[in-house]
Amino acid sequence: MRVMLAAGSLAIAAAILIGAGTDVRAQGDEVTKEQYDRWMTELSNWGRWGDDDQLGALNLITPAKRVEAAKLVETGRVVSMARDMTIERLDDPASTSANRPPVLAGSVRNVFGIDTDNGYFWERYEIEYHGGLVTHLDAFCHVAYNGKVYNGRDFDDVASLEDGCSAMGVVNLKEEGLVTRGVLIDMPGTAVRRQDIEAWEAETGITISAGDALFLRTGRDVGQSGGYHPSLLPFFKERDIALLGADVPQEGGQIEGVAIPVHFFTLVALGVHLFDNLGLEALAETANELNRWEFLFMASPHGVPNGAGTAINPLAVF
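Our numbering puts the first residue of the sequence shown at 1, with every later residue one more than the last.
In short, the hints are calculated from the structure, not lab data. The model shown is predicted, which means the values in this text are computed figures rather than measured ones. There could be a bad hint or two in this list.
Unchecked claim - Below, in silico cross-link-like pairs of lysine-lysine (DSS-like), each with a Cα-Cα straight-line distance of 25 angstroms or less:
#1 LYS237 / LYS33
#2 LYS174 / LYS148
#3 LYS148 / LYS33
#4 LYS148 / LYS237
#5 LYS33 / LYS174
#6 LYS71 / LYS174
#7 LYS65 / LYS148
Claimed, not checked - Restraint-style ranges between C-beta atoms, simulated for each label pair:
#8 GLU68 / GLU30: 34 to 42 angstroms
#9 THR32 / GLY152: 21 to 29 angstroms
#10 GLY76 / ASN146: 44 to 52 angstroms
#11 ASP157 / ASP29: 42 to 50 angstroms
#12 ASP240 / ASP52: 15 to 23 angstroms
#13 GLY205 / ALA64: 17 to 25 angstroms
#14 GLY223 / ASP154: 25 to 33 angstroms
#15 ALA202 / SER166: 43 to 51 angstroms
#16 ASP37 / SER160: 24 to 32 angstroms
#17 GLY47 / ASP221: 35 to 43 angstroms
#18 SER209 / SER160: 37 to 45 angstroms
#19 GLU42 / GLU256: 35 to 43 angstroms
#20 ASP154 / GLU42: 35 to 43 angstroms
Positions of the beta carbon are idealized from the N, C-alpha and C atoms, including for glycine.
All chains should be modelled from the sequences, with the hints used to inform the complete structure.
The following block contains the structure:
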């Protein structure tokens, strides 16, 4: 069996486990590769919305779902869910790293040839958003499992070094407008399992439902670690979530022989787009202050041509 990742993904396989160091075998609920491969087939959304579909679980965000989410707005308070960027100067143009901050590649101050105070500042940035630093959205062409991307398309047919993503890219989301109910689970230091979420639902009275955007705060920014445990994967299918995100790149455990199980399962099998490296500290503070864990979620991805994702600033509106 082949396991394939889009360009650069092998380099980030270790990086995206930064909050994930939990070994599932130590927890008594080991997920084997054999079980995982059955889930990839039995729980797949391939063909559910047609053989040519490139939106995946975004089809679950119906107009009625958006209207329902809009009704959650009570105060109009807006909270960014993006991590603050740090910028470095481009001292070595050839350098590359999955965890390199955005680079200020050039700037110009043009005074139109006149020696006055009139002018403007003009900058250009290079952003390697995949990895563990920048808040970004993953498109379906970002990773492949056994040579396939979402809906059974061949990875080699949709992604290349020369042309980027000719299909299953982030440009498909430009007209969608990601607007739905967002749900924040605040469980720092936890590899989150089904029983954790079900207990949380019983305590809060909130039920995660079809078309929701589900987010997890692991406490990364206060020295905690965690993520979505691999045993939780069938839960995502059962609840029909539309979007998934965390303040880390999702992974909250390991499966022997599967490098990044949450990424593969959600992006490839379910057709669920991922928000990696969110900044969730302010959101958690607001949710605790208001005692509200559901909100209107909004994100507008850049229509990057042939892109496997984009840096993004998602918003929560209470």
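Hint by hint, here is what the structure shows:
A distance of roughly 18 angstroms separates the Cα atoms of LYS237 and LYS33; the hinted pair therefore holds under the 25 angstroms criterion. Under the criterion of a C-alpha separation no larger than 25 angstroms, the hint pairing LYS174 with LYS148 is consistent with the structure, at around 24 angstroms. Between LYS148 and LYS33 the CA atoms are separated by roughly 17 angstroms; this keeps the pair inside 25 angstroms, and the hint holds. Between the alpha carbons of LYS148 and LYS237 the distance comes to roughly 19 angstroms, so the proposed pair stays at or under 25 angstroms and holds.
Between the alpha carbons of LYS33 and LYS174 the distance comes to roughly 35 angstroms, so the proposed pair goes past 25 angstroms and is violated. Straight-line distance between C-alpha atoms of LYS71 and LYS174 comes to about 24 angstroms, which keeps the hinted pair within the 25 angstroms bound. In summary, the hint linking LYS65 to LYS148 is not supported, as the alpha carbons are separated by about 30 angstroms, beyond the 25 angstroms threshold. Checked against the hint of 34 to 42 angstroms, the pair GLU68 and GLU30 passes, with Cβ atoms roughly 38 angstroms apart.
Under the hint 21 to 29 angstroms, the C-beta atoms of THR32 and GLY152, about 24 angstroms apart, fit the expected range. Our hint of 44 to 52 angstroms for GLY76 and ASN146 holds, since their Cβ atoms are close to 47 angstroms apart. The hinted range of 42 to 50 angstroms is not satisfied by ASP157 and ASP29, whose Cβ atoms lie roughly 36 angstroms apart. A hinted range of 15 to 23 angstroms for the beta carbons of ASP240 and ASP52 is consistent with their spacing of about 21 angstroms.
One distance hint, 17 to 25 angstroms for the beta-carbon pair GLY205 and ALA64, holds here, with the actual separation near 22 angstroms. Separated by about 42 angstroms at the C-beta atoms, GLY223 and ASP154 break the suggested range of 25 to 33 angstroms. For the pair ALA202 and SER166, the supplied restraint of 43 to 51 angstroms holds, since their beta-carbon distance comes to about 46 angstroms. For the pair ASP37 and SER160, the beta carbons lie near 26 angstroms from each other, so the given range of 24 to 32 angstroms is met.
Remark: the range hint 35 to 43 angstroms for GLY47 to ASP221 is upheld by a beta-carbon distance near 40 angstroms. For the pair SER209 and SER160, the beta carbons lie near 38 angstroms from each other, so the given range of 37 to 45 angstroms is met. A hinted range of 35 to 43 angstroms for the beta carbons of GLU42 and GLU256 is inconsistent with their spacing of about 20 angstroms. Here the CB-CB span from ASP154 to GLU42 is close to 21 angstroms, at odds with the stated 35 to 43 angstroms.
Checked against the numbered hints given earlier, this structure breaks hints 5, 7, 11, 14, 19, 20; the rest are met.
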